[in-house]
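Asks: So the sequences go chain by chain: A and B. Residue numbers 1 to 316, in our numbering, belong to the letters of the first sequence in order. Residue numbers 1 to 536, in our numbering, belong to the letters of the second sequence in order.
Just so you know, the hints here were simulated from the structure itself, not pulled from any lab data. Where hints are given, some of them may not hold.
Stated by the list, open to error - Here are some chain B residues the structure puts well away from chain A; computed CB gaps all over 12 Å:
{"id": "1", "residue": "GLU116"}
{"id": "2", "residue": "PRO154"}
{"id": "3", "residue": "ASP266"}
{"id": "4", "residue": "SER272"}
{"id": "5", "residue": "PHE367"}
{"id": "6", "residue": "VAL375"}
{"id": "7", "residue": "ALA426"}
{"id": "8", "residue": "PRO452"}
{"id": "9", "residue": "PHE463"}
{"id": "10", "residue": "VAL468"}
To be verified - In silico DSBU-like links for lysine-lysine, alpha-carbon gap of 35 Å or less:
{"id": "11", "chain 1": "B", "residue 1": "LYS59", "chain 2": "B", "residue 2": "LYS165"}
{"id": "12", "chain 1": "B", "residue 1": "LYS513", "chain 2": "A", "residue 2": "LYS164"}
{"id": "13", "chain 1": "A", "residue 1": "LYS164", "chain 2": "B", "residue 2": "LYS279"}
{"id": "14", "chain 1": "B", "residue 1": "LYS232", "chain 2": "A", "residue 2": "LYS164"}
Stated by the list, open to error - Here chain A is said to cover these stretches of chain B; the calculated rule only asks that three of the stretch's residues, wherever they fall, bring their Cβ under 8 Å from a Cβ of chain A:
{"id": "15", "segment": "71 to 78"}
{"id": "16", "segment": "166 to 176"}
A quick note: this is a predicted structure, and the numbers were derived from the prediction, not measured. No residue lacks a Cβ here, since even glycine has one placed at the ideal position from N, Cα and C.
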Amino acid sequence: MSTYIVNLVTVRLLIAALTLLIVSFAVFFATAMLPGDTATILLGQAATPEAVAGLRTAMHLDEPALVRFLHWLSGLLSGDLGTSYVNNVAVADLIGGRFVNTMRLAGITTLISVPLALTLGITAAMFQGSLYDRIVTIFTIGVISIPEFVVATSAVLVFSVYLKWLPALSIASDVTSIWQILKIYAMPVISLTFVVSAQMIRMTRAAVIDTINTPYVETALLKGASRPRMVLRHALPNAVGPIVNAVALSLSYLVGGVIIVETIFNYPGIAKLMVDGVSTRDLPLIQSCAMIFCFGYLTLITLADIVAILANPRLR
Amino acid sequence: MSDKITNWTASDDVMVENAIRRGATRRELLHMLLAGGVAMSAGGFLLGRASDAAAAAPKSGGHLKAAGWSSSTADTLDPAKASLSTDYVRCCALYNRLTFIDKSGLTKMELAESVESADAKVWTVKLRSGVTFHDGKTLSSNDVVYSLKRHLDPNVGSKVNSIAKQITDVKAVDPLTVAITLANPNADLPTILAMHHFMIVQDGTTDFSKGIGTGAFKLETFEPGVKSIAVKNPNYFKAQGAHLDSFEYFAISDDNARVNALLSGDIQLAASIKPRSMKLVESQPGFVLSQTTSGNYTNLNMRLDLEPGNKADFVAGMKYLINREQIRKSVMRGLAEVANDQPVSPASIYYNQELKPKAFDPEKAKFHFNKAGLVGQSIPIVASDAATASVDMATVLQQAGAEVGMKFDVQRVPSDGYWSNYWLKAPVHFGNINPRPTPDILFSLLYASDAPWNESQYKSAKFDKMLVEARGLLDEGKRKQIYGEMQIMIAEEAGTVIPVYLSNVDAISAKLKGLEASPLGGQMGYAFAEYVWLDA
Chain A
1 MSTYIVNLVT VRLLIAALTL LIVSFAVFFA TAMLPGDTAT ILLGQAATPE
51 AVAGLRTAMH LDEPALVRFL HWLSGLLSGD LGTSYVNNVA VADLIGGRFV
101 NTMRLAGITT LISVPLALTL GITAAMFQGS LYDRIVTIFT IGVISIPEFV
151 VATSAVLVFS VYLKWLPALS IASDVTSIWQ ILKIYAMPVI SLTFVVSAQM
201 IRMTRAAVID TINTPYVETA LLKGASRPRM VLRHALPNAV GPIVNAVALS
251 LSYLVGGVII VETIFNYPGI AKLMVDGVST RDLPLIQSCA MIFCFGYLTL
301 ITLADIVAIL ANPRLR
Chain B
1 MSDKITNWTA SDDVMVENAI RRGATRRELL HMLLAGGVAM SAGGFLLGRA
51 SDAAAAAPKS GGHLKAAGWS SSTADTLDPA KASLSTDYVR CCALYNRLTF
101 IDKSGLTKME LAESVESADA KVWTVKLRSG VTFHDGKTLS SNDVVYSLKR
151 HLDPNVGSKV NSIAKQITDV KAVDPLTVAI TLANPNADLP TILAMHHFMI
201 VQDGTTDFSK GIGTGAFKLE TFEPGVKSIA VKNPNYFKAQ GAHLDSFEYF
251 AISDDNARVN ALLSGDIQLA ASIKPRSMKL VESQPGFVLS QTTSGNYTNL
301 NMRLDLEPGN KADFVAGMKY LINREQIRKS VMRGLAEVAN DQPVSPASIY
351 YNQELKPKAF DPEKAKFHFN KAGLVGQSIP IVASDAATAS VDMATVLQQA
401 GAEVGMKFDV QRVPSDGYWS NYWLKAPVHF GNINPRPTPD ILFSLLYASD
451 APWNESQYKS AKFDKMLVEA RGLLDEGKRK QIYGEMQIMI AEEAGTVIPV
501 YLSNVDAISA KLKGLEASPL GGQMGYAFAE YVWLDA
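Looking at chain B on its own, in the form it has when it is part of the complex (with noise of 0.2 Å):
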């Protein structure tokens, strides 16, 4: 290439894709670059590169070396069990699941041939035809009836026993139909049968270290807290099955020691490297950075049941005092979108366009503290490491409240156990949530009277009418419609401020192909084994 771009990295590449994958149209994506500074024959040349990396024949074979950040001897091939990403992946790898969700956030068949119900209580699931796992035997519905009905057992310990408690009776139908009935109407099953715990495992199963399942790879090796070795499944159901004929995947806990062994070529992907390394990887020719948004965010909590939260004029001031912008920029490292207040990521069908971030706006955030008599009191906010950024967050506050007379005591406390301890309990105070795949469940999590995690207090009845009508209801457009009215209640009136979307960074080399983002979460929601190869 001719004239050369100074001022282009590897990380407005991924932006450009990003828009791609999201369905922007060349014009807009044009007019992206203009508004970048780049010149248009340059930015035709762009575009065509990032194309390029969206759109290649895939290759097979070769034998794929991936590090995740987190791993210990509680690693498991439990899917019920999977909390750390390490898990999620090596799972993805060898089981699947009855539906996932695609790229564009839509929900589609794996296992299952359909799911349907007439009134989105009782559901017919259809299984695919001639599924093996991987010692031979034939996929049946009892296998899915036992996957399901485990997560119901308190001995199981199951991550989304809550979640799955709404389903009051699964049964074989024939061999090849499961009826799941609920017990109330909940027109999301089909979405919360792709999360990544209700992968389906063989009737029967209490030891899971062998990790038989229908994916797309076949267990060799697994040690907990070391690593774990899977080869090709020959007998995949899917056409398209992997394209490497081996996977091994562990954990490298330092982030600069996982960066370094990616580009010295002992690995071909970093998951989730932190802002400061980007920099290290775009300066070395042969590798790219994957960016995803996801939905994972740190919000701001003020309950609305205690001092000095339960003054709507305190919380309505700390949503316009929050400095969105600086905090995507200078804490984030631009690795973040700015957000709304409410949960729903903008990779969601069911994001509500309408409802744009508040200003950062310090005189209406003072008229606010005045109007609520809070002007030169101390206010303590908790913060720990526990919580993604959220000291830096809350130091951006803290000196943002100097500015208008209000005095923030940032209180910075240990990580270890500030689940139990603070979080939920402090009046202000950070958390950290992840990306769950509904509307639905978020909202009955965190926003729900009686939501188990109900951040900020907030109760309206109005609201959970809302959540049950909208959660029964098979109209798209009607449901579509009541989340978006939805959202702007949380932005409106919860007191749960959330200032940015957080990125995930994935490092790869540049002979990594086929990643590409998912609303899902890094590494392409976790499943990216199955779809990636390796370009000699």
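So that you can see chain A by itself, here it is in the shape it has in the complex (with noise of 0.2 Å):
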């Protein structure tokens, strides 16, 4: 068995490589598609032709497209992600804090929102049809429906401007107490976990439900288990495939969809960054953040079929 898991490892890891590769190629020529490049966009409507081509110059941007793009390449495969063109930074040292902040803000709602999600969505299958079953289902379809923008910006309506209980910015760095955290997380993870628990809980309903009506839980109901034991002995498992595959996609979003949230509570993340990155061209900073996105996805991806494959005794 183990060394079938190591055999998986090894192969995913060698298609993520490449698939990796294959993203930063897709992202540097989308981005070299864009309109302007970061010379003629930091200068403007200032940006006359002489102006430009100094600064071009001045920040290598004349060379071939494919050189820059060998060149950092070399540079990254030797651990360096390179210098951004706006205002010579390393780019490490441009992510480093903020990656940080998005992981921390990433490993507060998981811990929320997925014990919180598997719960709701394994009780309601387990009472499949009950009025408790109805609450939830309406609950996460209205969830899902309303947008994550509409939630944050009335929590911060409510709990901000009107109540004046939480801040309505999420400024990470000047916390002192266990306390200041909790304010300043509240409101972030609130709209997160609505957002990321909804699909969840959806589709962990589902896989039970799928698994529940299958003739070998019926067998089990049978001879005679209770229905929690039923549920959470013998569908549970074989549902466990599918249940990660959603944990980890919605999981996936928080490394770097949340600009929304991010934009609405002033949160410096990297979702920001990278937007950042894209309105001036900022081609390393942007192949960055690609190459972490790609590789956190790849890597839940990853978890979750190794964690299926564990707890599925048909697919050791």
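Take the two lone chains, each set in its own frame, and fit them into one complex as the hints suggest.
Replies: Okay, here's the thing in structure tokens:
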């Protein structure tokens, strides 16, 4: 069994490396196709041809695109993420603190949303058709349908503007006590939990109900297993595969897709950094962010597959 | 107060305050209020309240948190490269200029003691003595020479390279004297030196992340795209330094989030809020609005060298067809002043009061379009979100056009790349021009025959001659007269329609005092940090 897992992981890692390369290629040329380059964008309306030419030379933008790409790639292989075109700061420094912020927000949200979603999803499936199930279903569909900016902005209006309980901004730097951390993270985490748990609850419920309807679970019921035992011991292990995949997909969103929450709470995370990078055509920064998002996604999917295999005796 | 005024809002307060600052007399103000339907007794009260806001004793101390609207990893403390308002605010707190423009539009001395010339060509700048940088070094003429020469180096990427090009030589005469030689006489040099980009940095600086200047604040932390914190400079050269102990600046790009942060008390200043948020701020006690009209405008450009702008009657017709009052009221929700088709703002001392905006007159417009033979033809107008409110303005124009039988095809194009792909190129399109300090810069940039941004391809030998003549004149009265005539020429002859000057509204906590309107733009011409204080 373990050799099977090792083989799987090795193959996955190779595919992941190849995927990263392809993605970096795609991102690089997609960015190159956007109108304007860093020099024209930095100079804005003041971009006279001479000024642009001067700045391009100073920023080494006059080299052909392929040369710059290979340059960046060779730097990456030696662990150097490159230097931002825009302000000459090492990309690693720009990403560093913000990456920690993003991971912290993603971590706290995961800790809250995953147990919550699994509990709600499994219990809803156990009592399928009951009033409880209907309430959970209506609530999740409601949350899926309401965009996160509505949730986040309404939360700010209620809790910061009218009640004045929580700060409207989440600047993570000046925190001194646990209480402050709770106050700062409360609203962003609640908004994100709404977004990511809804999908997980739906998928978990559907997966568990699917397995409950199979003949072997019916057998378990007929031989006298209690309803919780039937679901948790017999049905759940077979439902784990789709559930972890749903969890992984939802969580991958937390790595790079939280731009709206970052914008509304002014939270200095990595999604906003990438948007900045795109608006100034700052290739090394865009590439590095894209690599991080892609890597996070691949890791989560691979982990989900491994967990699914370990949990399901038929796949071992 | 007993007699409650029901239809009086904070923006009316702002209007009165602005009028007081412009120097309106009490009689004029009361007249203004009566016209607005406010009883005389109540009017007196309102004026009292508005003038209280304009004059109160400053308090020291406190930490100010203020938020602008744009910030990115491109944030810089290099004044030459400053491009976002966020950069301007930070640079104003950390550095000084040789001269600055005060709230009434006049040029005053700052780091310079005097900027003088006999022929407007060779200028002598005398520096204040005893000014120190944040790191303890004393300001000398070498710093000024370095700061000015940087703009000429293409590798720096200075935003004002084209303006700086007229400086042919800068040299240090002695430690406190600098001689500046210009290619041609230019009496505006003291005003040009008041531009934000011409702030004085230390000789030899190439790394600007430390923000070492002579300004009222010393940099403590700076994270591009995140925030900056600066603390009061105890060794500031001005007798009255900063009132605040420290000053934190960052950007909240989402308009709603910025307003919410202000209302929840997380920040004390939300710069440049949208008209639709004004009601929300006004409805809450403890917040005020500060409105500035500084000469930023969105204009309709008709290239005179292409169809249909090459028909003079088309251009004339458009000037009558644009409903300026409707644009001011409905498109800008009152946050604008009606303009008269020329770029010099009403806040400028050179503004020609006599030149009235053309009234909305569809009949006259129709007459001109008929004469041009364009009725019934479909004419494309390019608009984009890149030029503020241009899509809405185009719609107003389209509807007015339909009434007189003109078919305007409004082409809404993406913001990304608008300035390089459509602006200056399409036959009929919108532009957006930021305020510039002098008529000379505006005219040279936008209307001279060889102007780099000649939006309508306006060419007039007479205009060019007047431009050069006025530039070298040290006689203010004569210059004002020439600039007045040039404004009329632009309004009548050029293919640009400037319907309104756009206003900027900053929303602030009532505890924040001392914020005044400035002709250089919102947030007191970006320099508020030095002048405001927090009333506990």
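Asks: Which numbered hints are broken by the structure, listed smallest first?
Replies: Violated hints: 2, 3, 8, 11 and 16; rest satisfied.
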